[in-house]
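**Student:** Could you slot chain B onto chain A? The hints should help.
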Amino acid sequence: MVKARTAEAIDSTWQEIRRGSIVLAALATLREEHYGYSLRQALLDSGLEVSEGTLYPLLRRLEGAGLLGSRWELGEGRPRRYYRLSPDGEAALEELRCGWRKLAEVLSGMLAR
Amino acid sequence: MDLVDRYVEAVEEELPRRMRADVGRELATLLAESVEARMAEGVPPREAQLEVLGEIGPPREVAGRYAGERRGLIGHDMLPALWRTLGVVAVVLGGLSLVAWLWQAGSADDPGAALARSFGEIVTQFLSNLLEVSGLVLLIFAAVEWLGLRRRGREGTWDPASLQQAPARGDRVNRWGALASTAVLLFLLVWILFFRDSLAAIVSGREAEWVRIPLVGPGLLQALPWLVASWCAELVVQVALLLRGRWSLFWRLADLATRLFGVAVLGVLVAAPAPLLATTAAEAASLGAHADLARRLASELLPMLDRLLRVALLVGLVGSLVGVVRRGVRLVASRGPGASAASSPAGGA
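Protein chains in written order, with the working numbering: chain A, 665 to 777; chain B, 2 to 350.
Chain A extracted, bound-state conformation (with noise of 0.2 angstroms):
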């Protein structure tokens, strides 16, 4: 049985772990514009569960940071926010994601020993 402190120190890493994997996957997705609900429900749909707490204010941040670029849209139904990749943010993409094969291959090849 694991301990409680162990417990905790593992939930805290896969947290830590969680949080940088969740802002590359929306910056992926964001290719393609998306509001707020659709883009939790593509992630969802590529088999990554992220919170709504989690996921909104991250938008927020990512496009405070200069990665995405949002547009209001006002139609007849509820208003939305869409959201897509800026170009700052298609290049900080390429980078992370050439960091991220990078990392996956050196990990793979630790953990499968």
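No lab work stands behind these hints: they were computed from the structure.
The beta-carbon is built from N, C-alpha and C at its ideal position, and this holds for glycine as well.
Heads up, some of the hints might be wrong.
[Stated by the list, open to error] Covered stretches of chain A (in silico footprint by chain B; criterion: 3 or more residues with CB under 8 angstroms from a CB of chain B, positions within the stretch not fixed): (1) 715-729; (2) 732-745.
[What the hints assert, rightly or not] Per label pair, the in silico range of CB-to-CB distance: (3) B:Arg327 - A:Ile674: 54 to 60 angstroms; (4) A:Glu697 - B:Asp23: 14 to 20 angstroms; (5) B:Gly55 - A:Ala671: 19 to 25 angstroms; (6) B:Leu332 - A:Glu697: 44 to 50 angstroms.
**Tutor:** Below, chain B without anything else, positioned relative to chain A:
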């Protein structure tokens, strides 16, 4: 108003002002969409709202994520508590200083003169104490922040249904406003009942000393019972609002009635036939003023001050009337068809 609206309001209140409207609008849309998706799966409306809000987390936490990472000594989610604590500290220290001021003056031979003399000293003491205690409070908050103590205590305590008990924004009493009004009314009552003689002219006497001539005139004395009754009524309403924390129809009407009463008393004072400020040349001279100065004070200076006071009271009356109209409009708005539907128990389902 449903739970989602209350939740969005609660998040907005924790956010910096510049972000509120934009984040609030987006969050309301997104949450409504999530709730609808659950309802489409057959979940009843109230349960769907509770599920979505339960999963997204407490308003303060979510607002903290929107506002970004900690950049200063105190994290964003702790700032409202810090401001509240500093406010309480300021009010408590202000109250203690007021009591000390009145106590010192009351035990002096000449309370009126002692009040004026010790005012600067009390204000300096108050500011110095405020700085000292605020620094200590800031240090304690910083320690709690950096040691992460607050997070442990809050885990597992988020219940979205608790939002239902919180009053809607329009029904919430501004506690700081009520507290300030209470303090001002208490001060006015203590002053008018026990220290009204401090309203005096200080003139040079026959023997080169300073002489105090009390100025409260018959017009003010005749209106005194009404003035005290009006301030007492307002005090009762403010204390009740402070304790209740939310408006109701009864307390809105009571507030309106006491304000109207106050306006009427101000009207009586402005139109009083007897002077509000007065003394006679003989009285002033008997207290030690030069005969010439006493005559000028009674016949020229005081009538002019009396007129100035009435103009000031008239301005106060107009301001109070505007306040009464605003309260009347708020009362009607809070009883409107939309408002009554929103505040009914069914509105939260």
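**Student:** Tell me, which hint numbers fail for this structure?
**Tutor:** Going through the list in order, the structure violates no hint and respects every one.
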